Amino acid sequence: MYKKNAKWLVFGILTVIILAMMSGSLGKYTENLNTNVTLNIRKPAYTVRFHPNNGGTDNYTEQSFVYGTAQNLDANTFTNGTDSFLSWNTSADGSGTSYDDEEEVNNLSQADGAIIDLYAQWGEELYEAQVDGGQKYATVAQAMAAATANSRTAYSQVA
Amino acid sequence: MIIKKIIKNSDFALFLLVCLSIITLTHSLAASAKFQSTSNSTTGAKVAKWSVSIEPVTASNVLNIVTGSTAQDYIVKVKSLSEVSSAYSLIVSNVPNDVTVSLDDGTAQTPVNNTVTFSNAGSFSVGGGSNERQHKLTFNAPLSASATNAVVNIQANFTQKD
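Residue numbers (the working numbering), protein chains in the order written: chain A, 1 to 159; chain B, 1 to 162.
Calculated from the structure, these hints are not laboratory results. Only a predicted model underlies this, so the values are computations on that prediction, with no experimental measurement involved. Zero decoy hints are in this set.
Now the stretches of chain B that chain A is said to cover, found in silico as 3 or more residues with beta-carbon under 8 Å:
hint, region
1, 54-60
2, 73-86
3, 145-157
Derived DSS-like pairs (lysine-lysine); straight-line CA-CA distance at most 30 Å:
hint, chain 1, residue 1, chain 2, residue 2
4, B, LYS77, B, LYS161
5, A, LYS28, B, LYS136
6, B, LYS161, B, LYS136
7, B, LYS79, B, LYS49
8, A, LYS28, B, LYS161
9, B, LYS136, B, LYS49
10, B, LYS77, B, LYS136
11, B, LYS79, A, LYS28
12, B, LYS49, B, LYS161
13, B, LYS77, B, LYS49
14, A, LYS28, B, LYS77
15, B, LYS161, B, LYS79
16, B, LYS136, B, LYS79
17, B, LYS49, A, LYS28
Cβ atoms here follow ideal geometry from the backbone N, Cα and C, with glycine treated the same way.
Take these sequences, add in the hints, and give me the full structure.
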């Protein structure tokens, strides 16, 4: 008899507690409303501008880059009389940062829309690979590449 | 002695519980009925209207963000034509974890599980002040952030205050 009453008592108390809790929330408006916006997130893009720097018309060419993505510089297509192309440089007089032809570069600028000017550097060829009968190259890297391609490791400095 | 005997009486205990339940339920239903949503009631009874909204103010719903560059703002308008006071929070979800969000030029917050929550973003009082608020959400991606497209959800959670 007491056990039965105890069960009713517990049931009743729980009912009152639940109803009491509901009384605080019933009649209260709540509403969730939404709107959406699309975020298009991209890395900064910049342009490398190649200047012939050969005393003629500055008919530069351009190459696009994205920050964080390594890419090879375009191969040089300019000429300057009998001089050979040596390298690119951020200064026309060669006093800036130098880059080899087709060198892989990355993060030349963080600024979106920036333009990086590179000026062709001209002169006599400085290096030759000691493998192919006097073929000369503008840079050590190019001479080494030619030597390596012929299973050699040597190159010599011409000037 | 008599009281003790009464309390021990199971019928009385049950009766007491039933009374308490009826009182509580009545109170609950009364509170509920007070705020049933009917905007054109002519009964004269106090019936409240509940009308809230959130909508974009910024014309385009696409923000172009360049990492490491200028942050982009998105403005939303929160409105209440309700006859009861309300408060709301703003929850911005599906935010890339490397993008920060700030509300009304406040401190930039980093998402937790792609969600930024601005609790107590604003409130409306009946009969006082404007019935709409504009909020500026500013999204900023550091240079190291990943390039991606994300549809961000801006949710306003309204709760009746009184």
